[in-house]
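Here is how the chains run, residue by residue.
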Amino acid sequence: MNARILLLLVLLTGNCVGQDLNQTHKLSDEILSIFGSAQIYLFRSQTLINSKAKNKDQLFGKAFIDQLKLIHQQIYHSPFPAADHPIKAYLLNSMIAVMDDNKALILDKEIDFKGFIPAVFAFQLSQRFSNGGYPVSIKFVGLKDRLVNELNVPDQWETSTLTKMQGSHWRTNEGFREVTASKQGKYLRTLQPIYHKQQCLTCHGSIADNPVNKGKAENTWSTENKAGFTMQNFKLNELAGGVSLSVGIDIQPAVSNSN
Amino acid sequence: MLSETANTKIPMRPPQTGPVSWGFVAAAWFLFLGLCLPVPFSSVQAATANDKTSLTIGVFDYPPLVTITDSGIGGSAIEDLSAILDEAGYVATFRAIPRKRLLQSLVANNVDLAFPLYNNNAEGITTMLAEPVLFETPGLCFRKENFVQFLSTVKHWRNLTTVYPGGVEPVPILKKYNKQLLPIYGEDVLDRTIKIVISGRADAAYVANIFSVYNLNSQYYRHVACSSFFGYTSPIYIGASKGLANGTLERLRQTKGRINLYSSD
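Those protein sequences? They're chains A and B, same order as listed. Be aware that the first sequence starts at 1, since it is given in my numbering, and climbs by one per residue. Be aware that the second sequence starts at 1, since it is given in my numbering, and climbs by one per residue.
Incorrect hints may have been included.
[To be verified] Taking lysine to aspartate or glutamate pairs in the DMTMM-like style, the calculated list, with each CA pair at most 25 Å apart, reads: (1) B:Lys155 with A:Asp209; (2) A:Lys226 with B:Glu145; (3) B:Lys176 with A:Glu150; (4) A:Lys52 with B:Asp188; (5) B:Lys155 with A:Glu224; (6) B:Lys155 with A:Glu110; (7) B:Lys195 with A:Asp112; (8) B:Lys155 with B:Asp203; (9) A:Lys114 with B:Glu145; (10) B:Lys242 with B:Asp70; (11) B:Lys144 with A:Asp112; (12) A:Lys109 with B:Glu250; (13) A:Lys226 with B:Asp203; (14) A:Lys109 with B:Glu87; (15) B:Lys144 with A:Asp108; (16) B:Lys144 with A:Asp145; (17) A:Lys197 with A:Asp29; (18) A:Lys109 with B:Asp61; (19) A:Lys183 with B:Glu123; (20) B:Lys155 with A:Asp112; (21) A:Lys114 with B:Glu250; (22) B:Lys155 with A:Asp145; (23) B:Lys144 with A:Glu224; (24) B:Lys195 with A:Glu110; (25) A:Lys54 with B:Glu145; (26) A:Lys103 with B:Glu250; (27) A:Lys56 with B:Glu145; (28) B:Lys195 with A:Asp57; (29) A:Lys103 with B:Glu145; (30) B:Lys176 with A:Asp84; (31) B:Lys155 with A:Glu150; (32) B:Lys175 with A:Asp29; (33) B:Lys176 with A:Asp20; (34) B:Lys144 with A:Glu110; (35) B:Lys179 with A:Asp29; (36) A:Lys103 with B:Glu87; (37) A:Lys88 with B:Glu250.
These are computed hints drawn from the structure, not numbers from a lab. As the structure is a prediction and not an experimental result, all values here were calculated from the model.
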């Protein structure tokens, strides 16, 4: 009897993945806020990540998600979304898995600068989350002519949206969302802009912003940041790119049963 | 959230001596006795009735998750798959199949399951678990003092002498920019490749999955650190034959389990 109830629950959960537009809007908002919380937490945790501290438990497993809940409350002034949808549950599982994948690096005491920055987390998460069999994908996209990682190249829709966002009439922090159609079906696409804050400029700003050059004569300044990339000369609050999310509307997932 | 079994370490079950092999040895032995000795028929019947149904899993050498040597088939994925099947009420029988023929064997219903499977969209197959069981991420491993954090900075590795296990296809970006790529052949090829870097005879090693080399339990952890090639991650599945009974597949799917990615070396 219990097995039948379990099977029914699994079937019902599976059916919940295909959804209408309103549900997709809500789901998209929740995915973006979970993703945003993770980015902010990883940014704030760079000192811990690169330290030789023995206890880094808060970067892994349930403790990691607990930290995201705190950040979410601070930033979005709302409770962390419940894992009541297979896609949200898969996102949280994927986040934990990405942190686990990088555990050896994060706990490596012989490497001072680990390079496990929010963009790396985002890229690895995107690879897992977008290949899990659900009609959903999320990725970081940069401005086409100023990419650090050429794999973050925007597609046509993203390029045109980022161009609009670079315009002087675009309100800062305002995202863009629309329904698009492809051979696979309809998708609700969202692009949330990201702007360069002061702390971003240490790697993405001008040569003068490069901490490696502090206290050195100008003619000896390095054009390379500590990650080995050329400084990009971005200015404070300039558009950096965005987080691009695509969620299928009424598309049944390849995944038939989940979580 | 992650299932409880996700991080549970399953005790090593050597293929030559584990319950899988013993089940077959016992069955063969009873059969032999049945033919040659006057054993009462009822005792043979009782032994067979208690045996679990066996499922055949096709595998290829995929160290350290699957290692195929003269002494048999082993590795952490073999342990995990045995445990998953055991929990679902089946006995796992592993069969080594060349990499290029694994999918074909699954389609032809010569094996019930197949691991590792890269293509989950091929006709005539399905997957045991709906989601990928792991993600393979290729990358470069360096001695720790020479660690390169971001492989998108090509200039940091383009001139390095880089070795890789022969038979593995390096990612296009590596083949395009690194002109000192050297394949290593022979037995235990991954181990030899990494040890060449540790000894300083090469600067870097290309591996198909960095997490199997660079993890806290790895024997190489003290010496090397690895960076991934972004954008080349592949989802890996456990393939299932379409010939597998629906009830069997459902039972397997309801058994929560995953391949333990990390080596127990």
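Problem - Agreement of lysine 195 (chain B) and aspartate 112 (chain A) with the hint, judged by alpha carbon distance not exceeding 25 Å - result: This hinted pair holds, its Cα atoms lying about 24 Å apart.
Exercise for the section: Would you mind confirming whether the straight-line C-alpha gap from lysine 54 (chain A) to glutamate 145 (chain B) stays at or under 25 Å? Expected result: Judged against 25 Å, a Cα distance of about 21 Å means the pair holds.
Handout entry: Given pair status - glutamate 145 (chain B), lysine 114 (chain A), alpha carbons within 25 Å
Key = holds, 12 Å
Handout entry: Pair hint outcome, lysine 176 (chain B) versus aspartate 84 (chain A) [Cα-Cα no greater than 25 Å]
Key = violated, 45 Å
Practice task
With a cut-off of 25 Å on the C-alpha distance, tell me whether lysine 197 (chain A) and aspartate 29 (chain A) pass.
Solution key: Holds, at about 23 Å.
Practice task
Quickly compare the C-alpha distance for lysine 155 (chain B) and glutamate 224 (chain A) to 25 Å and report which way the hint goes.
Solution key: The given pair, whose Cα atoms are some 12 Å apart, holds under the 25 Å limit.
Practice task
Verify the proposed pairing of lysine 114 (chain A) with glutamate 250 (chain B), using a straight-line Cα cut of 25 Å.
Solution key: violated, 42 Å
Problem - Pairwise hint evaluation, glutamate 250 (chain B) against lysine 103 (chain A), where the allowed Cα distance is 25 Å at most - result: violated, 33 Å
Exercise for the section: Below or equal to 25 Å on CA atoms is what counts here, so check lysine 155 (chain B) against aspartate 112 (chain A). Expected result: Given that 25 Å is the threshold and the Cα spacing comes to 21 Å, the pair holds.
Exercise for the section: Please work out if lysine 175 (chain B) and aspartate 29 (chain A) have their alpha carbons no farther apart than 25 Å. Expected result: The given pair, whose Cα atoms are some 41 Å apart, is violated under the 25 Å limit.
Problem - Holds or violated: lysine 226 (chain A) to glutamate 145 (chain B), with C-alpha atoms at most 25 Å apart - result: holds, 16 Å
Practice task
Would you mind confirming whether the straight-line C-alpha gap from lysine 103 (chain A) to glutamate 145 (chain B) stays at or under 25 Å?
Solution key: holds, 19 Å
Against the hints set out earlier in the document, violations occur for numbers 4, 10, 12, 14, 16, 18, 21, 26, 28, 30, 32, 33, 35, 36.
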